[in-house]
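**Student:** If you read the sequences in order, they're chains A and B. So the numbering used here is basically just the index in the first sequence, starting at one, shifted up by 23. So the numbering used here is basically just the index in the second sequence, starting at one, shifted up by 23.
Simulated from the structure, these hints should not be mistaken for laboratory data. Be aware that a few hints might be false.
DSS-like cross-link-like pairs, simulated, lysine-lysine; straight-line CA separation at most 30 Å [stated by the list, open to error]:
id: 1; chain 1: A; residue 1: K165; chain 2: B; residue 2: K165
id: 2; chain 1: A; residue 1: K149; chain 2: B; residue 2: K71
id: 3; chain 1: B; residue 1: K149; chain 2: B; residue 2: K74
Covered stretches of chain A, as calculated for chain B (at least 3 residues, CB under 8 Å) [claimed, not checked]:
id: 4; region: 67–76
id: 5; region: 124–138
id: 6; region: 170–177
id: 7; region: 187–197
Here are a few chain A residues that sit away from chain B, every Cβ distance over 10 Å (derived from the structure) [to be verified]:
id: 8; residue: G43
id: 9; residue: P48
id: 10; residue: V79
id: 11; residue: R89
id: 12; residue: L90
id: 13; residue: E96
id: 14; residue: D101
id: 15; residue: L163
id: 16; residue: D182
id: 17; residue: T200
Quick caveat, the model's predicted, so the values are computed rather than measured. No residue lacks a Cβ here, since even glycine has one placed at the ideal position from N, Cα and C.
2 protein chains.
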Amino acid sequence: MSFYGTSVEYGLHCIVWLIGPRDKPVSSRELADIQGVPPAQVAKIFPKLEKAGLVVSSGGISGGYRLARSPEEITILDVVDAIEGDRRLFDCREVRRGCALFGGDPPGWMTRGVCGIHAAMLRAEKSMRAELARTTLLDLAKGLPAPAGFSEEVGRWLDERAAARERSRMTAVKNSTRHRSPKD
Amino acid sequence: MSFYGTSVEYGLHCIVWLIGPRDKPVSSRELADIQGVPPAQVAKIFPKLEKAGLVVSSGGISGGYRLARSPEEITILDVVDAIEGDRRLFDCREVRRGCALFGGDPPGWMTRGVCGIHAAMLRAEKSMRAELARTTLLDLAKGLPAPAGFSEEVGRWLDERAAARERSRMTAVKNSTRHRSPKD
Chain A
24 MSFYGTSVEY
34 GLHCIVWLIG
44 PRDKPVSSRE
54 LADIQGVPPA
64 QVAKIFPKLE
74 KAGLVVSSGG
84 ISGGYRLARS
94 PEEITILDVV
104 DAIEGDRRLF
114 DCREVRRGCA
124 LFGGDPPGWM
134 TRGVCGIHAA
144 MLRAEKSMRA
154 ELARTTLLDL
164 AKGLPAPAGF
174 SEEVGRWLDE
184 RAAARERSRM
194 TAVKNSTRHR
204 SPKD
Chain B
24 MSFYGTSVEY
34 GLHCIVWLIG
44 PRDKPVSSRE
54 LADIQGVPPA
64 QVAKIFPKLE
74 KAGLVVSSGG
84 ISGGYRLARS
94 PEEITILDVV
104 DAIEGDRRLF
114 DCREVRRGCA
124 LFGGDPPGWM
134 TRGVCGIHAA
144 MLRAEKSMRA
154 ELARTTLLDL
164 AKGLPAPAGF
174 SEEVGRWLDE
184 RAAARERSRM
194 TAVKNSTRHR
204 SPKD
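Bound conformation, chain A alone (with noise of 0.2 Å):
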């Protein structure tokens, strides 16, 4: 299994579809819908982006996303941090205190300092994380070397899926009503 899991591939992939000159928020649910990926993970991304200060949510049932800064100032780190939270690549247990000949008594030569074995695994994820800091959604959306127009393309899938969903939930509040007896 991969250090990063589906949630940051989805939640990277989602949230790049909120760059654009279109202002209007968009839903998690047509996000993933629009990227093929299962919308109820989606669903749960989402708030952690918000927590994390990347995107803000306008409510109400047609309600959705807007990146909450501008994309050159939001990178695959912040992402990555607000969906997976303080994961580390290492944990030390501090084996170095176990050691048989001191009877968990280690003398401080032993245990001074931060274990040379973490302080190399800290060396290795500050050098990762320096390099997924490195990279900002616009980096992401100006590497897709998409043709004139695909923007504006996005955006009427976009409002056309969103009107869909709302005539069907206006269809289906009609319909409760119209079935509901005067006694509920």
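Starting from the known structure of chain A, fit chain B onto it as the hints suggest.
**Tutor:** Same frame as chain A, but now just chain B:
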């Protein structure tokens, strides 16, 4: 849960104890006991280190392991790869191919080359691995400011332990022979 688990931690802590002027092989049992870590887990780690060419075993009941090459030629990354195999930071599921706008037939510009998100993860992984390859077992040993004579003290502990285990094995063999009936 961290990316690298206890097997990597115990493996690194144990293999470091094979460094030294002492040229007797050490069993994985002794290596586990001197660290205070689970012998059964360490017994599963050393065959992986051997398969990767980092240690060599000398057979027999009282056998054990030696480093297969000098400790400045074995890096943390070598040990991690031997234990974890080809574990990745990120598994790309090619989400971009499932974009609903293209109904299962994404255009070339969408799928050409490595996905930008995957590429950023690969750069981060490369950077992390490069850092792990920078530290050798000798660096780890040198980082521990052990007092003069410590290496000999470790040697004595390991020798006594191995001798005690051999005595107890011989007693068990003797007893089983003594209690065996002639018909066995």
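**Student:** It remains to establish, for every hint, whether it holds in the given structure.
**Tutor:** Here's how the hints hold up against the structure:
| no. | hint | verdict |
| --- | --- | --- |
| 1 | A/K165 / B/K165 | violated (47 Å) |
| 2 | A/K149 / B/K71 | holds (28 Å) |
| 3 | B/K149 / B/K74 | holds (24 Å) |
| 4 | 67–76 | violated (count 0) |
| 5 | 124–138 | holds (count 4) |
| 6 | 170–177 | holds (count 3) |
| 7 | 187–197 | violated (count 0) |
| 8 | G43 | holds (14 Å) |
| 9 | P48 | holds (19 Å) |
| 10 | V79 | holds (23 Å) |
| 11 | R89 | holds (21 Å) |
| 12 | L90 | holds (17 Å) |
| 13 | E96 | holds (16 Å) |
| 14 | D101 | holds (13 Å) |
| 15 | L163 | violated (5 Å) |
| 16 | D182 | holds (13 Å) |
| 17 | T200 | holds (32 Å) |
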